[in-house]
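Trainee: What follows is each chain in one-letter form.
There are 2 protein chains.
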Amino acid sequence: MARILVGIVGYGTIGRRVAEAVMAQDDMDLVGVAKTRPDYAAIQASRAGLGIYVPKPELAEAFESSGVKVKGTVEDLLSTVQVVVDATPAGVGSSYKSLYTRHGVKQVYQGGEKPDVAQVSFSSLCNYEEAIGKNSVRVVSCNTTGLLRLICSLDKSLGVRSVRAFIVRRAADPGEYKKGPINSIVLDPPKTPSHHAHDVKTILKDLDIETAAVIVPTTLMHVHHVRVRLSKRASKRDVLDALSESPRIVVLPGRTGIKSTAQLVEAARFARPRADIPELVVFEDSISVSGDEVSLFQAVHQESIVVPENIDAIRAVSGLEKDPVRSISKTDETLRIGRKYFFV
Amino acid sequence: MARILVGIVGYGTIGRRVAEAVMAQDDMDLVGVAKTRPDYAAIQASRAGLGIYVPKPELAEAFESSGVKVKGTVEDLLSTVQVVVDATPAGVGSSYKSLYTRHGVKQVYQGGEKPDVAQVSFSSLCNYEEAIGKNSVRVVSCNTTGLLRLICSLDKSLGVRSVRAFIVRRAADPGEYKKGPINSIVLDPPKTPSHHAHDVKTILKDLDIETAAVIVPTTLMHVHHVRVRLSKRASKRDVLDALSESPRIVVLPGRTGIKSTAQLVEAARFARPRADIPELVVFEDSISVSGDEVSLFQAVHQESIVVPENIDAIRAVSGLEKDPVRSISKTDETLRIGRKYFFV
Numbered sequence: 245m246a247r248i249l250v251g252i253v254g255y256g257t258i259g260r261r262v263a264e265a266v267m268a269q270d271d272m273d274l275v276g277v278a279k280t281r282p283d284y285a286a287i288q289a290s291r292a293g294l295g296i297y298v299p300k301p302e303l304a305e306a307f308e309s310s311g312v313k314v315k316g317t318v319e320d321l322l323s324t325v326q327v328v329v330d331a332t333p334a335g336v337g338s339s340y341k342s343l344y345t346r347h348g349v350k351q352v353y354q355g356g357e358k359p360d361v362a363q364v365s366f367s368s369l370c371n372y373e374e375a376i377g378k379n380s381v382r383v384v385s386c387n388t389t390g391l392l393r394l395i396c397s398l399d400k401s402l403g404v405r406s407v408r409a410f411i412v413r414r415a416a417d418p419g420e421y422k423k424g425p426i427n428s429i430v431l432d433p434p435k436t437p438s439h440h441a442h443d444v445k446t447i448l449k450d451l452d453i454e455t456a457a458v459i460v461p462t463t464l465m466h467v468h469h470v471r472v473r474l475s476k477r478a479s480k481r482d483v484l485d486a487l488s489e490s491p492r493i494v495v496l497p498g499r500t501g502i503k504s505t506a507q508l509v510e511a512a513r514f515a516r517p518r519a520d521i522p523e524l525v526v527f528e529d530s531i532s533v534s535g536d537e538v539s540l541f542q543a544v545h546q547e548s549i550v551v552p553e554n555i556d557a558i559r560a561v562s563g564l565e566k567d568p569v570r571s572i573s574k575t576d577e578t579l580r581i582g583r584k585y586f587f588v
Numbered sequence: 245m246a247r248i249l250v251g252i253v254g255y256g257t258i259g260r261r262v263a264e265a266v267m268a269q270d271d272m273d274l275v276g277v278a279k280t281r282p283d284y285a286a287i288q289a290s291r292a293g294l295g296i297y298v299p300k301p302e303l304a305e306a307f308e309s310s311g312v313k314v315k316g317t318v319e320d321l322l323s324t325v326q327v328v329v330d331a332t333p334a335g336v337g338s339s340y341k342s343l344y345t346r347h348g349v350k351q352v353y354q355g356g357e358k359p360d361v362a363q364v365s366f367s368s369l370c371n372y373e374e375a376i377g378k379n380s381v382r383v384v385s386c387n388t389t390g391l392l393r394l395i396c397s398l399d400k401s402l403g404v405r406s407v408r409a410f411i412v413r414r415a416a417d418p419g420e421y422k423k424g425p426i427n428s429i430v431l432d433p434p435k436t437p438s439h440h441a442h443d444v445k446t447i448l449k450d451l452d453i454e455t456a457a458v459i460v461p462t463t464l465m466h467v468h469h470v471r472v473r474l475s476k477r478a479s480k481r482d483v484l485d486a487l488s489e490s491p492r493i494v495v496l497p498g499r500t501g502i503k504s505t506a507q508l509v510e511a512a513r514f515a516r517p518r519a520d521i522p523e524l525v526v527f528e529d530s531i532s533v534s535g536d537e538v539s540l541f542q543a544v545h546q547e548s549i550v551v552p553e554n555i556d557a558i559r560a561v562s563g564l565e566k567d568p569v570r571s572i573s574k575t576d577e578t579l580r581i582g583r584k585y586f587f588v
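Chains as they are written, first to last, in my numbering: chain R, 245 to 588; chain D, 245 to 588.
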């Protein structure tokens with residue numbers, strides 16, 4: 245079987261995880277990753293045997309003196325791969341677009357880029373088909389991915405008329421030591437809707453959705469409170485069934501005693517590499533259904549939720565897998581994602 | 245070879261890790277762990293196939309209804325094992341002492357207990373021999389373990405005359421969601437010395453040591469700034485050599501770019517289960533030597549630094565291994581601890 249040659253530009257929170265996920269696939273080969281600084285992540289990548297590429301040849305010396313072997317330049321990487329995953333910091337990806345295009349590689353961007361960076365925004369459970377064979381797609385951000393997983397799963401069996409969501413965002417990723425706030429609640433932004441509603445609509449164009457968001461001083465996951473109006477009256481059982489049938493969503497039982505992101509991540513530490521939680525976690529006891537209205541709490545692991553979506557996106561743009569169900573299932577089995585692999 | 249039968253009472257931050265570490269030894273068998281509540285840790289222990297014991301038979305029902313199979317009572321556990329590791333919350337262990345003693349089991353307590361709970365306080369690099377064959381030992385706390393590793397390593401080759409340490413403590417463990425402070429620096433206590441100096445002296449009785457401590461709102465490791473006066477003038481090379489020859493100490497090079505606990509733990513997430521760092525981490529660039537005075541920064545991972553010490557303590561009290569070097573080396577190899585297993 246043809247294997248898709250993949251390169252990753254940017255080796256931070258998302259890039260590192262996508263690199264590992266690509267290596268776990270039998271239909272992809274990771275050619276290498278591009279790094280700008282020879283920091284601890286570069287040292288670890290080098291030790292793990294990854295091919296490391298730098299933006300300019302003159303940077304190689306700084307890498308080699310930190311014990312990091314350099315395989316070539318980003319241009320070298322781009323002339324080898326078929327698909328590039330851009331995992332550079334938000335907004336930087338678009339500045340690489342002309343370079344990627346010049347090399348004729350298919351492009352997978354992250355949600356930090358503006359939607360017009362790519363031909364289509366992407367969420368595996370919602371619009372895999374739209375991305376098939378495209379030259380460029382943009383995997384929507386972690387919060388948008390979480391919202392879309394919920395919405396598309398409920399819509400499939402119960403129909404969704406409208407969504408109102410309140411998003412409590414983590415302020416930084418665990419390794420970031422320069423970012424704030426440290427003691428404040430930031431209205432993000434102080435008007436509604438927050439950008440998340442717009443971002444959901446890049447995929448579900450006609451959805452009636454409003455969102456509001458705050459940023460709080462934590463590094464452990466986002467939490468959403470979501471109100472969904474269904475197309476028809478439903479029972480809690482109906483909602484539970486819809487969520488249970490959906491991949492990448494886990495309904496967390498109240499008997500676990502988990503009611504904080506601290507406990508959830510702590511439990512994951514004993515079961516998952518890096519305590520990653522790529523599943524959308526819905527708190528079972530929080531699910532309330534009245535007539536056609538559903539409300540619930542859900543938690544989104546900002547570092548890992550988009551990783552399986554990136555793998556599906558690579559497969560979709562390559563054109564090698566046209567069936568979303570097969571791609572999603574392959575990704576989830578190789579990465580051990582979903583209810584049967586959950587840790588509590 | 246005779247295998248030591250071990251039971252663990254308390255399955256929190258330390259207990260869970262010691263359980264896993266015992267299972268990794270070929271001279272020990274983990275009979276089971278005692279839990280008081282059927283929370284997510286109990287569910288995970290049950291899934292991992294651990295024997296679970298409860299304080300009272302009537303608690304079994306609550307566990308079983310959470311899907312956690314119960315093997316017996318704590319008394320059942322104690323009548324089977326030869327060594328019990330008490331990893332209950334600070335101060336609770338002493339209330340179990342009479343029960344342990346009645347069952348004639350050897351006891352390993354944690355540093356949260358007062359020193360008089362046991363015949364001897366314990367630090368592998370300092371006084372393994374004193375614990376051999378004892379009925380009860382107390383592994384000193386994480387901060388004290390970190391200080392003692394440094395002191396005994398420097399003392400071995402260079403001699404230590406006095407120690408002055410400033411300790412910046414993390415406020416809670418990552419899974420704890422009820423503990424503070426969230427926005428304050430707590431003087432701990434507002435007089436000197438802090439209890440750490442006393443605790444070091446439970447092992448190095450005549451050492452000239454003073455310590456002061458504050459608590460800050462973080463969950464990621466403690467940081468110490470330590471000033472040591474040596475018995476003689478030394479060079480930075482001498483200090484580096486002394487630290488490099490010592491097990492369980494890693495000197496972290498500046499080229500890694502790591503200057504925060506956030507980065508250190510983040511790097512560990514990509515290499516270690518739970519991002520555990522049982523080694524004492526000394527920041528190379530911070531080591532300053534002038535005449536006979538050494539100063540440096542070091543970081544202590546509160547959740548895992550005492551785990552290898554607990555394994556050594558089990559071996560010491562059992563009387564089966566009288567050579568500290570052999571026990572330490574066996575523990576470190578099985579748990580992949582030390583410079584050659586370090587992650588950056």
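Source of the hints: derived by calculation from the structure; they are not laboratory data.
Among the clues, some could well be false.
Each pair may be met inside one copy or between any two copies, as identical chains are not told apart.
Result set (DSBU-like, lysine-lysine): computed pairs, CA atoms no more than 30 Å apart in a straight line [claimed, not checked]: (1) Lys378 to Lys313; (2) Lys315 to Lys503; (3) Lys423 to Lys584; (4) Lys584 to Lys315; (5) Lys400 to Lys313; (6) Lys400 to Lys480; (7) Lys584 to Lys400; (8) Lys503 to Lys313; (9) Lys300 to Lys503; (10) Lys584 to Lys449; (11) Lys445 to Lys313; (12) Lys422 to Lys503; (13) Lys315 to Lys445; (14) Lys574 to Lys445; (15) Lys423 to Lys476; (16) Lys445 to Lys422; (17) Lys503 to Lys423; (18) Lys584 to Lys313; (19) Lys449 to Lys378; (20) Lys574 to Lys313; (21) Lys400 to Lys315; (22) Lys435 to Lys378; (23) Lys503 to Lys584; (24) Lys315 to Lys423.
Trainee: Indicate, hint by hint, whether the structure satisfies it.
Mentor: Comparing the hints with the structure gives:
1. Lys378 to Lys313: Result: close neither inside a copy nor across copies, 34 Å intra and 52 Å inter.
2. Lys315 to Lys503: Answer is between: at 28 Å across copies they meet the 30 Å cutoff, but 46 Å inside does not.
3. Lys423 to Lys584: neither (36 Å within a copy, 33 Å between copies)
4. Lys584 to Lys315: This pair counts as between: shortest inter-copy Cα distance 25 Å, intra-copy 39 Å.
5. Lys400 to Lys313: neither (49 Å within a copy, 38 Å between copies)
6. Lys400 to Lys480: within (16 Å within a copy, 67 Å between copies)
7. Lys584 to Lys400: For Lys584 and Lys400, the Cα distance is within 30 Å only inside one copy (22 Å; across copies 52 Å).
8. Lys503 to Lys313: between (45 Å within a copy, 23 Å between copies)
9. Lys300 to Lys503: Classified as between: cross-chain Cα gap 26 Å, same-chain 48 Å, threshold 30 Å.
10. Lys584 to Lys449: neither (33 Å within a copy, 54 Å between copies)
11. Lys445 to Lys313: neither (43 Å within a copy, 47 Å between copies)
12. Lys422 to Lys503: both (28 Å within a copy, 11 Å between copies)
13. Lys315 to Lys445: neither (41 Å within a copy, 53 Å between copies)
14. Lys574 to Lys445: Only inside one copy: Lys574 and Lys445 sit 27 Å apart there, 58 Å across copies, limit 30 Å.
15. Lys423 to Lys476: Result: close neither inside a copy nor across copies, 44 Å intra and 44 Å inter.
16. Lys445 to Lys422: neither (32 Å within a copy, 38 Å between copies)
17. Lys503 to Lys423: both (26 Å within a copy, 15 Å between copies)
18. Lys584 to Lys313: between (39 Å within a copy, 19 Å between copies)
19. Lys449 to Lys378: Within one copy only: 19 Å inside a chain, 72 Å across chains, cut-off 30 Å.
20. Lys574 to Lys313: neither (33 Å within a copy, 33 Å between copies)
21. Lys400 to Lys315: neither (46 Å within a copy, 44 Å between copies)
22. Lys435 to Lys378: neither (35 Å within a copy, 67 Å between copies)
23. Lys503 to Lys584: within (21 Å within a copy, 39 Å between copies)
24. Lys315 to Lys423: neither (32 Å within a copy, 48 Å between copies)
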